[in-house]
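Asks: Sequence:
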Amino acid sequence: MRTPEMLPVLAKAGVVDAGGRGLVTMFEGMLSALTGSEIRLLDASKTASGPVETGAEGARQYTSDVNDYENITFQYCTEYFITHMGSDVTVADIDRYRDYLCTIGDCVLVIGDLDLVKTHVHTNTPDRAIKAALKLGELDGIKIENMMEQHRKIVAEREKNEQKPVELRPYGMVSVCAGEGMDAIFRDLQTDVTIEGGQTMNPSVYDILNAVNSTKAKDVFVLPNNSNIILAAEQAKELADVTVHVIPTRNMPEGISAALAFSPEATPEENEEMMTEAFRGIMTAEITHAVRSTRMNGFSVKEGDIIGISDKKIIAKGASVQEVAVACASKLLEGGAEMITAYYGSDISESEAERMIAIVAETHPDAETATYYGGQPHYYYILAAE
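In the UniProt record's numbering, the protein residues as written are 1 to 386.
Derived by calculation from the structure, the hints in this document are not laboratory data. Check the hints yourself; a few may be wrong.
[Stated by the list, open to error] With a cut-off of at most 27 angstroms between alpha-carbon atoms, the simulated DSSO-like pairs for lysine-lysine come out as follows:
1. Lys-160 x Lys-216
2. Lys-160 x Lys-218
3. Lys-135 x Lys-317
4. Lys-302 x Lys-312
5. Lys-331 x Lys-317
6. Lys-302 x Lys-331
7. Lys-218 x Lys-153
8. Lys-118 x Lys-312
9. Lys-312 x Lys-331
10. Lys-302 x Lys-313
11. Lys-135 x Lys-153
Fair warning: this is a prediction, and the values are worked out from it, not measured in the lab.
When you get a sec, could you build the whole thing from the sequences and use the hints?
Replies: Structure below.
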(Lines of atoms letter the chains of each structure in order from A and count residues from 1; the text may use other names and numbers.)
(Lines give C-alpha, C1' and ligand atoms only; values in the text may rest on other atoms or scores of the structure.)
Protein backbone atom coordinates (compact mmCIF):
# COMPACT_ATOMS: atom_id res chain seq x y z
CA MET A 1 0.00 0.00 0.00
CA ARG A 2 1.43 3.39 -1.08
CA THR A 3 -1.15 5.59 0.67
CA PRO A 4 1.41 6.75 3.30
CA GLU A 5 3.47 8.18 0.42
CA MET A 6 0.42 10.04 -0.88
CA LEU A 7 -0.84 11.39 2.45
CA PRO A 8 1.84 12.71 4.86
CA VAL A 9 -0.52 12.37 7.83
CA LEU A 10 -0.66 8.60 7.26
CA ALA A 11 3.12 8.32 7.02
CA LYS A 12 3.46 10.32 10.22
CA ALA A 13 1.10 7.98 12.06
CA GLY A 14 2.67 4.86 10.54
CA VAL A 15 -0.63 3.55 9.16
CA VAL A 16 -2.33 3.00 5.80
CA ASP A 17 -5.68 4.18 4.45
CA ALA A 18 -8.05 1.52 5.79
CA GLY A 19 -10.59 2.08 3.00
CA GLY A 20 -7.92 1.86 0.33
CA ARG A 21 -6.49 -1.27 1.87
CA GLY A 22 -9.94 -2.88 1.95
CA LEU A 23 -10.50 -2.00 -1.71
CA VAL A 24 -7.17 -3.57 -2.68
CA THR A 25 -8.11 -6.73 -0.77
CA MET A 26 -11.41 -6.92 -2.70
CA PHE A 27 -9.59 -6.55 -6.03
CA GLU A 28 -7.10 -9.26 -5.04
CA GLY A 29 -9.99 -11.60 -4.29
CA MET A 30 -11.65 -10.87 -7.64
CA LEU A 31 -8.37 -11.46 -9.49
CA SER A 32 -7.83 -14.77 -7.69
CA ALA A 33 -11.35 -15.89 -8.64
CA LEU A 34 -10.84 -14.98 -12.30
CA THR A 35 -7.44 -16.66 -12.58
CA GLY A 36 -8.40 -19.74 -10.59
CA SER A 37 -5.83 -19.00 -7.86
CA GLU A 38 -6.41 -20.06 -4.27
CA ILE A 39 -8.35 -17.47 -2.29
CA ARG A 40 -7.04 -17.03 1.23
CA LEU A 41 -9.89 -16.51 3.69
CA LEU A 42 -9.43 -14.82 7.03
CA ASP A 43 -11.73 -15.58 9.94
CA ALA A 44 -13.06 -12.14 10.81
CA SER A 45 -13.69 -13.22 14.37
CA LYS A 46 -9.96 -13.72 14.82
CA THR A 47 -8.74 -10.40 13.44
CA ALA A 48 -8.87 -6.83 14.58
CA SER A 49 -10.86 -5.96 11.47
CA GLY A 50 -13.88 -7.94 12.67
CA PRO A 51 -16.86 -6.47 14.51
CA VAL A 52 -15.88 -4.57 17.63
CA GLU A 53 -17.22 -6.15 20.80
CA THR A 54 -18.70 -4.10 23.57
CA GLY A 55 -17.42 -4.66 27.11
CA ALA A 56 -20.45 -6.81 27.96
CA GLU A 57 -20.14 -8.90 24.77
CA GLY A 58 -16.45 -9.51 25.40
CA ALA A 59 -17.25 -10.42 28.98
CA ARG A 60 -19.77 -13.04 27.89
CA GLN A 61 -17.26 -14.61 25.49
CA TYR A 62 -14.55 -14.70 28.16
CA THR A 63 -17.01 -16.08 30.70
CA SER A 64 -18.00 -18.83 28.28
CA ASP A 65 -14.34 -19.75 27.75
CA VAL A 66 -13.58 -19.89 31.48
CA ASN A 67 -16.76 -21.74 32.45
CA ASP A 68 -16.55 -24.27 29.60
CA TYR A 69 -13.58 -25.91 31.30
CA GLU A 70 -13.63 -29.25 29.46
CA ASN A 71 -13.81 -27.64 26.02
CA ILE A 72 -11.11 -24.99 26.38
CA THR A 73 -8.99 -25.40 23.25
CA PHE A 74 -6.47 -22.69 24.01
CA GLN A 75 -5.53 -22.44 27.67
CA TYR A 76 -3.58 -19.23 28.14
CA CYS A 77 -5.07 -15.74 27.81
CA THR A 78 -2.03 -13.74 26.67
CA GLU A 79 -1.80 -9.94 26.50
CA TYR A 80 1.03 -7.46 26.01
CA PHE A 81 2.06 -4.23 24.32
CA ILE A 82 4.70 -4.00 21.59
CA THR A 83 6.67 -0.75 21.79
CA HIS A 84 9.79 0.80 20.23
CA MET A 85 9.36 -0.94 16.88
CA GLY A 86 12.44 -1.74 14.83
CA SER A 87 13.33 0.87 12.22
CA ASP A 88 12.62 -1.57 9.41
CA VAL A 89 9.21 -2.73 10.72
CA THR A 90 6.23 -1.87 8.50
CA VAL A 91 2.45 -2.07 8.80
CA ALA A 92 2.60 -5.14 6.57
CA ASP A 93 4.81 -6.84 9.19
CA ILE A 94 2.12 -6.18 11.80
CA ASP A 95 -0.49 -7.70 9.48
CA ARG A 96 1.65 -10.82 9.01
CA TYR A 97 2.17 -11.00 12.76
CA ARG A 98 -1.63 -10.92 13.26
CA ASP A 99 -2.09 -13.68 10.67
CA TYR A 100 0.52 -15.82 12.43
CA LEU A 101 -1.26 -15.48 15.78
CA CYS A 102 -4.43 -16.79 14.12
CA THR A 103 -2.54 -20.03 13.37
CA ILE A 104 -1.54 -20.65 17.00
CA GLY A 105 -4.67 -19.53 18.86
CA ASP A 106 -8.04 -17.79 18.78
CA CYS A 107 -9.70 -14.61 20.07
CA VAL A 108 -6.88 -12.71 18.35
CA LEU A 109 -6.85 -8.94 18.73
CA VAL A 110 -3.97 -6.87 17.30
CA ILE A 111 -4.59 -3.12 17.44
CA GLY A 112 -2.22 -0.21 17.01
CA ASP A 113 0.33 1.38 14.73
CA LEU A 114 4.10 1.66 14.38
CA ASP A 115 4.32 3.40 17.77
CA LEU A 116 2.34 0.93 19.87
CA VAL A 117 0.54 -2.37 19.24
CA LYS A 118 -1.74 -4.07 21.76
CA THR A 119 -2.02 -7.85 21.46
CA HIS A 120 -4.56 -10.29 22.90
CA VAL A 121 -4.67 -14.00 22.04
CA HIS A 122 -5.82 -17.28 23.58
CA THR A 123 -3.12 -19.87 22.86
CA ASN A 124 -1.42 -22.96 24.22
CA THR A 125 2.00 -21.56 23.31
CA PRO A 126 2.33 -18.00 24.61
CA ASP A 127 6.09 -18.31 24.15
CA ARG A 128 5.60 -18.51 20.37
CA ALA A 129 3.38 -15.43 20.40
CA ILE A 130 5.95 -13.52 22.44
CA LYS A 131 8.81 -14.69 20.21
CA ALA A 132 6.94 -13.41 17.14
CA ALA A 133 6.24 -10.08 18.85
CA LEU A 134 9.91 -9.62 19.77
CA LYS A 135 10.74 -9.61 16.07
CA LEU A 136 8.75 -6.36 15.80
CA GLY A 137 9.90 -4.51 18.91
CA GLU A 138 10.10 -4.45 22.69
CA LEU A 139 7.41 -5.87 25.00
CA ASP A 140 5.68 -4.24 27.94
CA GLY A 141 2.78 -5.12 30.23
CA ILE A 142 2.98 -8.86 29.60
CA LYS A 143 0.09 -10.74 31.23
CA ILE A 144 -0.52 -14.47 30.82
CA GLU A 145 -3.51 -16.00 32.60
CA ASN A 146 -4.27 -19.71 32.82
CA MET A 147 -8.01 -19.89 32.09
CA MET A 148 -8.22 -23.46 33.42
CA GLU A 149 -6.70 -22.36 36.71
CA GLN A 150 -9.09 -19.41 36.85
CA HIS A 151 -11.94 -21.86 36.34
CA ARG A 152 -10.70 -23.98 39.25
CA LYS A 153 -10.49 -20.92 41.51
CA ILE A 154 -13.98 -19.78 40.55
CA VAL A 155 -15.44 -23.24 41.19
CA ALA A 156 -13.62 -23.47 44.53
CA GLU A 157 -14.89 -20.02 45.53
CA ARG A 158 -18.46 -20.97 44.63
CA GLU A 159 -18.24 -24.21 46.57
CA LYS A 160 -16.84 -22.34 49.55
CA ASN A 161 -19.71 -19.86 49.46
CA GLU A 162 -22.27 -22.65 49.10
CA GLN A 163 -20.85 -24.44 52.12
CA LYS A 164 -21.00 -21.31 54.27
CA PRO A 165 -24.29 -19.52 53.61
CA VAL A 166 -24.25 -15.99 54.99
CA GLU A 167 -26.83 -13.26 55.27
CA LEU A 168 -26.03 -10.66 52.64
CA ARG A 169 -26.08 -6.93 53.25
CA PRO A 170 -28.15 -4.78 50.87
CA TYR A 171 -25.22 -2.90 49.31
CA GLY A 172 -21.49 -3.21 48.77
CA MET A 173 -18.90 -1.19 46.87
CA VAL A 174 -15.58 -2.16 45.26
CA SER A 175 -13.10 0.43 43.98
CA VAL A 176 -9.88 0.01 42.02
CA CYS A 177 -7.30 2.62 43.00
CA ALA A 178 -3.58 3.34 43.24
CA GLY A 179 -1.89 5.16 46.12
CA GLU A 180 -2.41 4.98 49.88
CA GLY A 181 -4.10 8.37 49.93
CA MET A 182 -6.57 7.37 47.24
CA ASP A 183 -7.21 4.11 49.09
CA ALA A 184 -8.10 6.06 52.24
CA ILE A 185 -10.36 8.45 50.31
CA PHE A 186 -12.37 5.63 48.75
CA ARG A 187 -12.72 3.84 52.09
CA ASP A 188 -14.04 7.06 53.60
CA LEU A 189 -16.64 7.12 50.80
CA GLN A 190 -18.29 3.80 51.78
CA THR A 191 -16.04 1.55 49.67
CA ASP A 192 -15.96 -1.88 51.32
CA VAL A 193 -13.06 -3.36 49.36
CA THR A 194 -10.30 -1.58 47.44
CA ILE A 195 -8.17 -3.29 44.81
CA GLU A 196 -4.73 -1.98 43.99
CA GLY A 197 -4.51 -1.26 40.28
CA GLY A 198 -4.11 1.42 37.70
CA GLN A 199 -2.45 2.44 34.47
CA THR A 200 0.31 -0.20 34.47
CA MET A 201 -1.16 -2.79 36.82
CA ASN A 202 -4.60 -4.07 35.90
CA PRO A 203 -6.33 -6.45 38.35
CA SER A 204 -7.51 -9.78 36.97
CA VAL A 205 -11.11 -10.88 36.64
CA TYR A 206 -10.57 -13.17 39.63
CA ASP A 207 -9.26 -10.24 41.74
CA ILE A 208 -12.44 -8.27 41.06
CA LEU A 209 -14.73 -11.28 41.54
CA ASN A 210 -13.06 -12.11 44.85
CA ALA A 211 -13.51 -8.49 45.99
CA VAL A 212 -17.19 -8.57 45.01
CA ASN A 213 -17.71 -11.75 47.03
CA SER A 214 -15.85 -10.23 49.99
CA THR A 215 -18.44 -7.48 50.34
CA LYS A 216 -21.11 -10.03 51.36
CA ALA A 217 -23.73 -7.85 49.70
CA LYS A 218 -26.71 -8.47 47.39
CA ASP A 219 -26.02 -5.51 45.10
CA VAL A 220 -22.39 -4.55 44.57
CA PHE A 221 -21.22 -1.39 42.80
CA VAL A 222 -17.82 -1.70 41.09
CA LEU A 223 -15.77 1.39 40.22
CA PRO A 224 -13.01 0.34 37.76
CA ASN A 225 -11.50 3.85 37.66
CA ASN A 226 -9.54 3.02 34.50
CA SER A 227 -10.77 2.39 30.96
CA ASN A 228 -8.49 -0.67 30.70
CA ILE A 229 -10.20 -2.29 33.72
CA ILE A 230 -13.84 -1.84 32.68
CA LEU A 231 -13.84 -5.03 30.59
CA ALA A 232 -12.45 -7.12 33.48
CA ALA A 233 -15.16 -5.67 35.73
CA GLU A 234 -17.83 -6.64 33.18
CA GLN A 235 -16.37 -10.16 33.06
CA ALA A 236 -16.51 -10.41 36.86
CA LYS A 237 -20.13 -9.23 36.71
CA GLU A 238 -21.01 -12.14 34.41
CA LEU A 239 -19.37 -14.63 36.80
CA ALA A 240 -20.73 -13.27 40.08
CA ASP A 241 -23.58 -14.94 41.97
CA VAL A 242 -24.84 -11.57 43.22
CA THR A 243 -26.02 -8.52 41.29
CA VAL A 244 -23.09 -6.40 40.16
CA HIS A 245 -23.42 -2.85 38.83
CA VAL A 246 -20.33 -1.71 36.90
CA ILE A 247 -20.11 2.09 36.93
CA PRO A 248 -17.73 2.72 33.97
CA THR A 249 -15.46 5.27 35.64
CA ARG A 250 -12.26 5.91 33.66
CA ASN A 251 -10.13 7.50 36.39
CA MET A 252 -10.07 7.94 40.16
CA PRO A 253 -11.68 11.42 40.30
CA GLU A 254 -14.64 10.05 38.35
CA GLY A 255 -14.80 7.18 40.85
CA ILE A 256 -14.75 9.59 43.78
CA SER A 257 -17.60 11.62 42.26
CA ALA A 258 -19.61 8.44 41.66
CA ALA A 259 -19.02 7.20 45.21
CA LEU A 260 -20.15 10.55 46.63
CA ALA A 261 -23.45 10.19 44.78
CA PHE A 262 -24.23 6.78 46.32
CA SER A 263 -27.17 6.70 48.75
CA PRO A 264 -27.99 3.72 51.02
CA GLU A 265 -31.65 4.78 50.94
CA ALA A 266 -31.98 4.68 47.14
CA THR A 267 -32.83 1.62 45.05
CA PRO A 268 -30.04 -0.15 43.10
CA GLU A 269 -31.38 1.30 39.85
CA GLU A 270 -31.55 4.82 41.30
CA ASN A 271 -28.02 4.54 42.64
CA GLU A 272 -26.66 3.33 39.31
CA GLU A 273 -28.30 6.27 37.55
CA MET A 274 -27.16 8.85 40.13
CA MET A 275 -23.58 7.56 40.26
CA THR A 276 -23.26 7.47 36.47
CA GLU A 277 -24.71 10.95 36.07
CA ALA A 278 -22.37 12.31 38.76
CA PHE A 279 -19.11 11.15 37.22
CA ARG A 280 -20.11 12.24 33.70
CA GLY A 281 -19.68 15.86 34.75
CA ILE A 282 -16.06 15.51 35.86
CA MET A 283 -13.13 16.78 33.77
CA THR A 284 -9.64 15.55 34.63
CA ALA A 285 -5.99 16.14 33.81
CA GLU A 286 -2.93 14.12 34.76
CA ILE A 287 0.55 15.59 35.09
CA THR A 288 3.32 13.13 34.31
CA HIS A 289 6.49 12.81 32.22
CA ALA A 290 6.67 11.63 28.62
CA VAL A 291 7.87 8.05 28.22
CA ARG A 292 8.84 8.60 24.57
CA SER A 293 9.29 11.39 22.05
CA THR A 294 6.22 12.20 19.98
CA ARG A 295 4.09 14.91 18.39
CA MET A 296 0.50 15.22 19.55
CA ASN A 297 -2.17 17.89 19.59
CA GLY A 298 0.29 20.54 18.39
CA PHE A 299 2.96 19.68 20.98
CA SER A 300 6.45 18.38 20.15
CA VAL A 301 7.45 16.27 23.15
CA LYS A 302 10.76 14.66 24.03
CA GLU A 303 11.17 11.68 26.33
CA GLY A 304 11.28 12.93 29.93
CA ASP A 305 9.39 16.20 29.31
CA ILE A 306 6.73 17.19 31.86
CA ILE A 307 3.31 17.04 30.22
CA GLY A 308 -0.36 17.41 31.12
CA ILE A 309 -2.86 14.97 29.62
CA SER A 310 -6.64 15.32 29.46
CA ASP A 311 -8.96 12.93 27.64
CA LYS A 312 -5.88 11.14 26.21
CA LYS A 313 -4.60 14.37 24.64
CA ILE A 314 -1.62 16.50 25.63
CA ILE A 315 -2.90 19.90 26.77
CA ALA A 316 0.23 21.37 28.37
CA LYS A 317 4.01 21.01 28.37
CA GLY A 318 6.63 22.75 30.46
CA ALA A 319 9.95 22.70 32.25
CA SER A 320 8.55 22.05 35.73
CA VAL A 321 5.77 20.04 37.34
CA GLN A 322 4.31 23.16 38.97
CA GLU A 323 4.23 25.09 35.69
CA VAL A 324 2.39 22.30 33.87
CA ALA A 325 -0.02 21.67 36.76
CA VAL A 326 -1.02 25.35 36.91
CA ALA A 327 -1.44 25.45 33.11
CA CYS A 328 -3.69 22.37 33.17
CA ALA A 329 -5.79 23.76 36.02
CA SER A 330 -6.24 27.01 34.11
CA LYS A 331 -7.38 25.20 30.96
CA LEU A 332 -9.90 23.14 32.92
CA LEU A 333 -11.29 26.27 34.58
CA GLU A 334 -11.44 28.10 31.26
CA GLY A 335 -13.55 25.19 30.00
CA GLY A 336 -16.34 26.17 32.38
CA ALA A 337 -15.36 24.43 35.63
CA GLU A 338 -15.86 26.23 38.94
CA MET A 339 -13.76 24.05 41.25
CA ILE A 340 -10.35 22.39 41.00
CA THR A 341 -9.29 19.53 43.27
CA ALA A 342 -5.64 18.44 43.13
CA TYR A 343 -4.67 14.94 44.24
CA TYR A 344 -0.89 14.97 44.65
CA GLY A 345 1.17 11.86 44.08
CA SER A 346 3.94 10.04 45.90
CA ASP A 347 6.65 12.27 44.37
CA ILE A 348 5.08 15.56 45.51
CA SER A 349 5.26 17.00 49.03
CA GLU A 350 2.34 18.64 50.80
CA SER A 351 4.08 22.03 50.71
CA GLU A 352 4.67 21.74 46.95
CA ALA A 353 1.00 20.92 46.41
CA GLU A 354 -0.10 23.87 48.54
CA ARG A 355 2.16 26.26 46.60
CA MET A 356 0.80 25.02 43.29
CA ILE A 357 -2.87 25.33 44.26
CA ALA A 358 -2.19 28.79 45.77
CA ILE A 359 -1.05 30.00 42.36
CA VAL A 360 -4.22 28.60 40.80
CA ALA A 361 -6.35 30.34 43.44
CA GLU A 362 -4.51 33.62 42.88
CA THR A 363 -4.94 33.56 39.10
CA HIS A 364 -8.55 32.36 39.32
CA PRO A 365 -10.01 34.08 42.42
CA ASP A 366 -13.58 33.00 41.65
CA ALA A 367 -12.71 29.30 41.59
CA GLU A 368 -12.85 26.96 44.56
CA THR A 369 -9.67 24.92 45.16
CA ALA A 370 -8.70 21.95 47.31
CA THR A 371 -5.77 19.55 47.67
CA TYR A 372 -5.68 15.95 48.92
CA TYR A 373 -2.88 13.45 49.26
CA GLY A 374 -3.42 10.70 46.70
CA GLY A 375 -0.03 9.01 46.85
CA GLN A 376 -0.53 7.68 43.33
CA PRO A 377 2.52 6.54 41.33
CA HIS A 378 3.36 7.78 37.81
CA TYR A 379 1.28 10.97 38.09
CA TYR A 380 2.62 14.00 39.98
CA TYR A 381 -0.90 15.40 40.13
CA ILE A 382 -4.35 14.26 39.12
CA LEU A 383 -6.62 17.29 38.74
CA ALA A 384 -10.40 17.08 38.89
CA ALA A 385 -12.61 19.92 37.67
CA GLU A 386 -16.34 20.28 38.20
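Asks: All hints are to be evaluated individually against the structure, with a verdict given for each.
Replies: Hint check results:
1. Lys-160 x Lys-216: 13 angstroms, holds
2. Lys-160 x Lys-218: Holds - the C-alpha atoms of Lys-218 and Lys-160 are around 17 angstroms apart, at most 27 angstroms.
3. Lys-135 x Lys-317: 34 angstroms, violated
4. Lys-302 x Lys-312: 17 angstroms, holds
5. Lys-331 x Lys-317: 12 angstroms, holds
6. Lys-302 x Lys-331: 22 angstroms, holds
7. Lys-218 x Lys-153: 21 angstroms, holds
8. Lys-118 x Lys-312: Roughly 16 angstroms between the alpha carbons, so the hint for Lys-118 and Lys-312 holds.
9. Lys-312 x Lys-331: 15 angstroms, holds
10. Lys-302 x Lys-313: Holds, at roughly 15 angstroms.
11. Lys-135 x Lys-153: Roughly 35 angstroms separates the two Cα atoms, so the pair is violated.
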